[in-house]
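Listed below, chain by chain, are the residues.
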Amino acid sequence: MSDRKPIYLDYSATTPVDPRVAQKMIPFLTEDFGNPASRSHPFGWTAEQAVETAREEVAKLVNADPREIVWTSGATESNNLAIKGAAHFYAGGKGKHIITVSTEHKAVLDTVRELEREGYEATYLQPEPDGLVDIEKFKAAIRPDTVLASVMLVNNEIGVVQDITALGNVCRANNIIFHVDAAQATGKVVIDLEKLPVDLMSFSAHKTYGPKGIGALYVRRKPRIRIEAQMHGGGHERGMRSGTLATHQIVGMGEAFRIAREEMAAENERIRMLRDRLLNGLLHIEETYVNGDLDHRVPHNLNISFNFVEGESLIMAIKDIAVSSGSACTSASLEPSYVLRALGRSDELAHSSIRFSIGRFTTEADVDYTIDLLKNKIGKLRELSPLWEMFQDGIDLSKVEWAEH
Amino acid sequence: MNTVYFDHNSTTALNPAVLDAMLPWLQGQHGNATSRHVFGRLGREAVETARKQVATSVGVQASQIVFTSGGTEANNFALKGITANLAASQVLVSAIEHPCVSRAAAALAWHDWQISTLEVNAQGVLDMADATAQLQAQKTGLISVMLANNETGAIQPIAELAALAKAHKALVHTDAVQALGKISLDFTALGVHAMTISSHKIGGPIGIGALVLDKRVDIAPLLHGGGQERGLRSGTENVAGIVGFAKACQLAVETVATRSEYLSGLRDQLETGLRALGVSVFAQQAQRLPNTSFFAVANIDGETLVIALDKAGYAVASGSACSSDSTEPSHVLLAMGVEADLARGAVRVSLGEHNTAAQIAGFLAALKQEVQRLKGLHAVAA
Numbered sequence: 067m068s069d070r071k072p073i074y075l076d077y078s079a080t081t082p083v084d085p086r087v088a089q090k091m092i093p094f095l096t097e098d099f100g101n102p103a104s105r106s107h108p109f110g111w112t113a114e115q116a117v118e119t120a121r122e123e124v125a126k127l128v129n130a131d132p133r134e135i136v137w138t139s140g141a142t143e144s145n146n147l148a149i150k151g152a153a154h155f156y157a158g159g160k161g162k163h164i165i166t167v168s169t170e171h172k173a174v175l176d177t178v179r180e181l182e183r184e185g186y187e188a189t190y191l192q193p194e195p196d197g198l199v200d201i202e203k204f205k206a207a208i209r210p211d212t213v214l215a216s217v218m219l220v221n222n223e224i225g226v227v228q229d230i231t232a233l234g235n236v237c238r239a240n241n242i243i244f245h246v247d248a249a250q251a252t253g254k255v256v257i258d259l260e261k262l263p264v265d266l267m268s269f270s271a272h273k274t275y276g277p278k279g280i281g282a283l284y285v286r287r288k289p290r291i292r293i294e295a296q297m298h299g300g301g302h303e304r305g306m307r308s309g310t311l312a313t314h315q316i317v318g319m320g321e322a323f324r325i326a327r328e329e330m331a332a333e334n335e336r337i338r339m340l341r342d343r344l345l346n347g348l349l350h351i352e353e354t355y356v357n358g359d360l361d362h363r364v365p366h367n368l369n370i371s372f373n374f375v376e377g378e379s380l381i382m383a384i385k386d387i388a389v390s391s392g393s394a395c396t397s398a399s400l401e402p403s404y405v406l407r408a409l410g411r412s413d414e415l416a417h418s419s420i421r422f423s424i425g426r427f428t429t430e431a432d433v434d435y436t437i438d439l440l441k442n443k444i445g446k447l448r449e450l451s452p453l454w455e456m457f458q459d460g461i462d463l464s465k466v467e468w469a470e471h
Numbered sequence: 040m041n042t043v044y045f046d047h048n049s050t051t052a053l054n055p056a057v058l059d060a061m062l063p064w065l066q067g068q069h070g071n072a073t074s075r076h077v078f079g080r081l082g083r084e085a086v087e088t089a090r091k092q093v094a095t096s097v098g099v100q101a102s103q104i105v106f107t108s109g110g111t112e113a114n115n116f117a118l119k120g121i122t123a124n125l126a127a128s129q130v131l132v133s134a135i136e137h138p139c140v141s142r143a144a145a146a147l148a149w150h151d152w153q154i155s156t157l158e159v160n161a162q163g164v165l166d167m168a169d170a171t172a173q174l175q176a177q178k179t180g181l182i183s184v185m186l187a188n189n190e191t192g193a194i195q196p197i198a199e200l201a202a203l204a205k206a207h208k209a210l211v212h213t214d215a216v217q218a219l220g221k222i223s224l225d226f227t228a229l230g231v232h233a234m235t236i237s238s239h240k241i242g243g244p245i246g247i248g249a250l251v252l253d254k255r256v257d258i259a260p261l262l263h264g265g266g267q268e269r270g271l272r273s274g275t276e277n278v279a280g281i282v283g284f285a286k287a288c289q290l291a292v293e294t295v296a297t298r299s300e301y302l303s304g305l306r307d308q309l310e311t312g313l314r315a316l317g318v319s320v321f322a323q324q325a326q327r328l329p330n331t332s333f334f335a336v337a338n339i340d341g342e343t344l345v346i347a348l349d350k351a352g353y354a355v356a357s358g359s360a361c362s363s364d365s366t367e368p369s370h371v372l373l374a375m376g377v378e379a380d381l382a383r384g385a386v387r388v389s390l391g392e393h394n395t396a397a398q399i400a401g402f403l404a405a406l407k408q409e410v411q412r413l414k415g416l417h418a419v420a421a
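Chains as they are written, first to last, in my numbering: chain H, 67 to 471; chain F, 40 to 421.
Isolated chain F (complex conformation) (with noise of 0.2 angstroms):
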């Protein structure tokens, strides 16, 4: 496939080590990590050490890494198992959040939770002052508010965040799958008591990911059985998946920096040339992820214009990846205050270390053309 890959924050392709990593645990004999000869044994070696590794990247001790099958699971242990052991009251959710995140805690009403929704400003961060009334109306038990967003790439004041929840005594919760491995990612320094990674946006693989959870912070399982992590997740550990993640952390993290550096140089190319075509960036004066561009042009529906794209060899994504099924202009963007017939025509492009300056000036000559042709398109219709 020639297909240049563009859409990093949907997924990521498996990094060769972290393959070579994993593919003993896939090959030969082994057993179930919970047995107790020698192939469980070997088994259990291997997750310990794999927890170790992703404690390790995240600042935190093994002890405060429960392994799920992914963020989804993660976001949705945190917000319905913390809930699970406070008294109801209200849980804050920022209005630009994954569905796994904002489906979640719509779930809990049924638990007499009250909803209430964080606004973002016109640059997709949390507005503080609207979390600092809404704190202060109402008794709060627990905030959920991702580290950085998987459309724009937006930052969040999560730290910042965190220290006002103090003050009123709530929970915080902070969704960091798009943040592992692109900027630098401390746990204890955050201040959050939940945080949610996953591995397959760091060049892991699909179908694990971790919650990372504060030693105070009291949280009742979502899966019961076997009493495996330590009775907070049961289910056979999936040790190839785990051996992947930890190896994938541990490189992304490692060099992050120079990562970072890399794909906000590329991000910059793409953006002053995207000025030059007249599109309009999101979130951009916003502290960013270094690899994301969300942007619009003006009058050009973004389903066609990603359809166009992919004709002309370039994997690039409407909006998240869950929901392009839908038609419904981005909620992120509606949340911005984008009118939704500009929202209509957002297209993500989100790097990856792969990705080079090459790529980058080809794919602004193909937008061009493309732009160009459906603008003809419209002329002619007119």
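Isolated chain H, as found in the complex (with noise of 0.2 angstroms):
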């Protein structure tokens, strides 16, 4: 391997900074340095103006109030926020019962895991095996103590877009909170917050192309949606989550929030093209599987399991390109992937996927140089395989019973 540094494939994991929101960034790290809530002098007061326009910014991007957007430190903390704060604001009226699909990102399931250790309980709804979830099982769900829903908008392994409109009509109709994380959503669909019938929703920068530490919680206002503050303090955002804001974070946030807005429409076009050359092309090898729903999907995601292929072994062979199996939160774990294994692929299947994540700076070389490598090392690793061997030869695997060690 050269020394050249790997194509990057994964900006579903994080995407670098764009330059322009560094840019812009950096003179509030230097001259600009106030502390927003400084009221007594013009370094506090040029620090908030910067916070309310970057608020703006992120607000318009999901066409929001920007009175409804709460900085936060990211989306692990604004799925927090949403779910602990509106369960414990909400769970004294209405019941302690929670629904949440088991493909959520850990943000979500360890929170809501949280409350189950406190006393609530939590339905975890399966996706059907294309990663969608069906109304009518969601529907079935609910009972008369359900506060909460959380179901995210874009799954970050699969890329699948969930029916956010339809499961949240069911939510207002039997009066429960609806949580959406679209951490993995910004920039990649349209969000239109004036229709859709969500009560809270999350957002991080680091996967738009602004910076990392950084995120946002809608929280509706009409009709207002209360929740419980979990970090207490000098009173910052209203009550619900105390902090110095770091201004040249937010700066960073409402800058790469409008760049996306401003050039999401062409920007997913280019990507779109650039994902189904990849797909075509990866497509061509045998015994191939694209994991997840390809209509109701963001075009920046393809995830693919090359059956007959070791996973760890997969990894090592393309390591010409950085890409994930699995997401990184949980990369850390040799486990398949537990939303592969919500979808009900086999561990096999499971852990020969690999997630390439399409974004603003890949190019139609870098597709055509992963293709050949994939191609290639996936031939080789086959080549090695028994098992390819056994499948090549027309033997049913499944049916093979084999030896007790």
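None of these hints come from the bench; they were simulated from the model. Do not rely on the hints blindly, as some may be mistaken.
[As the list claims (entries may be wrong)] Below are the DSS-like pairs computed for lysine-lysine, each with C-alpha atoms no more than 30 angstroms apart in a straight line:
#1 H:162 to H:261
#2 F:91 to H:172
#3 H:172 to H:160
#4 H:465 to H:443
#5 H:261 to H:126
#6 H:71 to F:254
#7 F:407 to H:172
#8 H:203 to H:126
#9 H:71 to H:443
[As the list claims (entries may be wrong)] With the C-beta cut set under 10 angstroms, the calculated list includes, among others, these residues of chain F facing chain H:
#10 76
#11 227
#12 348
[To be verified] Computed list of chain H residues with no C-beta within reach of chain F, every gap over 10 angstroms:
#13 172
#14 288
#15 464
Quick caveat: nothing in here was measured; it's all calculated off a predicted structure. All residues carry an ideal CB built from backbone N, CA and C; glycine is no exception.
With the hints as a guide, bring the two chains together.
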């Protein structure tokens, strides 16, 4: 392998900071360094004004009122704040049952588990094999004491887009607070919170070419949704989230979301063409399976399982591209992806899956290189695989009885 | 902007060397520090190197550092996380804590904790007799007292408190946000179980901080999710922020002795001038941070004076920035027994290493002029 860095195809794990975003941030790290909460001098005023301009930019991307945007340290905090904050606030009136989906991000699943430890009950819906939530099964999960439902807009591993309008309408009809994790959605799908029946929505900057360590939570004003603060202190963000506002980070998120709003239509077309090119190239390899629905999906994501290839060997073989096998947050473990398992994929297919995620700086040459690399390496790995040989010989592996060791 | 910045306890300008350390992580291609490919590994290495630097700065091992989004989160994490794994009893917080400690403590009432206040004396220093009495009177799980007060700069007897707490099997947390970089700081010598530090008070970026933990402390996470920070603080690592924080820590701690001496020289110059103006300086008999002076001019409203000083080109504060929305007199001064009227006159000057003797002289002249003008207005009004 050469010394050059691999081709980055892991935009769903994180995106580079757009150079325009970095440029916008730097003045707020140097000359305009005030604490936005300082009311007595211009250092504070300049910072506060920058924070409010950025809030407007974030609101505009999702067609919300700036007063509905609460700054957080990232989508993990937004998810924690939304779920615990709303559950704690509304449990007394409604009850302690929560509905979510087994393919949510860990920040949602772990938060719901924490609430279970506090005495809440949770239903973890299984999605259909295409990764989408069945609306009838969702309705069936509702109980009189269901207080909150949390469903992500775009899945981080397989990129499928849930029907948030339909799910939200069911929640409205049943007086259930509806939270949506949109960390993977901004700049990829149109979000119109004036129309969407959503009460709380989580955002992250670093998945949309902004800096790491900053995010936001949308909290609907009409009808007003209340949340209990999870971080107490100086009473920043109208008491919903205390802590000195990181002006440069907020400015970066605002600029990143402004760029997303202005460029997403054209960018997504370009990315769709690249993804289709990648898909067509990889589907020429035998025994490959796309994970997740292809129609209800962001163009940025392609998740494919390569049968008869061992997952770890595959990752080692394709080091010239930077991709994920499962979500980055869990890739320290060797467990097969829980998302793919929830779709009903076998351990083997889940293990041999690769998430390719395409972004702003991906080129056609990157895609072509990737296709060639995969064709070549998978061919070589399969040459070494006795299972592949048996499959080639027409043996039905599911009927083979393996000797006990 | 030609305004002289005298509000370093609120936030500080980024040290240029810190910016240089951060910029590579804001530019070019970088991965998620949890990813296993080379982009992720480089981020992971940067985070772990930074963790060692921060740890060294406060005299602990890298595994004792949990990065957070700042001081507020670290304080909330300490109070809520430590009590979550203890049987509910009493939590003691001092009367002069930052709201992110006192309000986090108040929230513990939901989990059946009884919240009691530790009193301070007229110099704004913890009353050890009161602490002893309260510890003897009732089973106490956790005590939280700041190392140095943000308004008066008064340094608290934390090592002494920790020794006392040990005898009563209570855990101790200290908010050291204002102390880091201003006085020498050694976690182990303090004998506490948890300590909060923050980046933006020491020339680092806003939005990053840490909780320093004794290895024996069993703490529950505040943020759940991907399991970063050994499961204690989930969320994608803010690599640029962490790297900047570490650089700021390193620089602040390296030069703490000379900076401290320089700042206390400026502060003494300021307070000599203030005395000549007949101004009362709060907590002046206490051991204080070298950079902080909190004072009031009788019969002049602090907010009015701060605005007048701003027009004259000096950025100072009337209290802590977080509560500067409110017109309530400082809770710190009230706890010290200062009359509410005088407390309303409070102005805080907090100096930084780039401030100069000439700026202090200029400030004293401006203050004298403004005080005379405002007193004149009062006389006319009367």
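Legend entry - Index of numbered hints that the structure contradicts, given in increasing order: 6, 7, 8, 11 and 13
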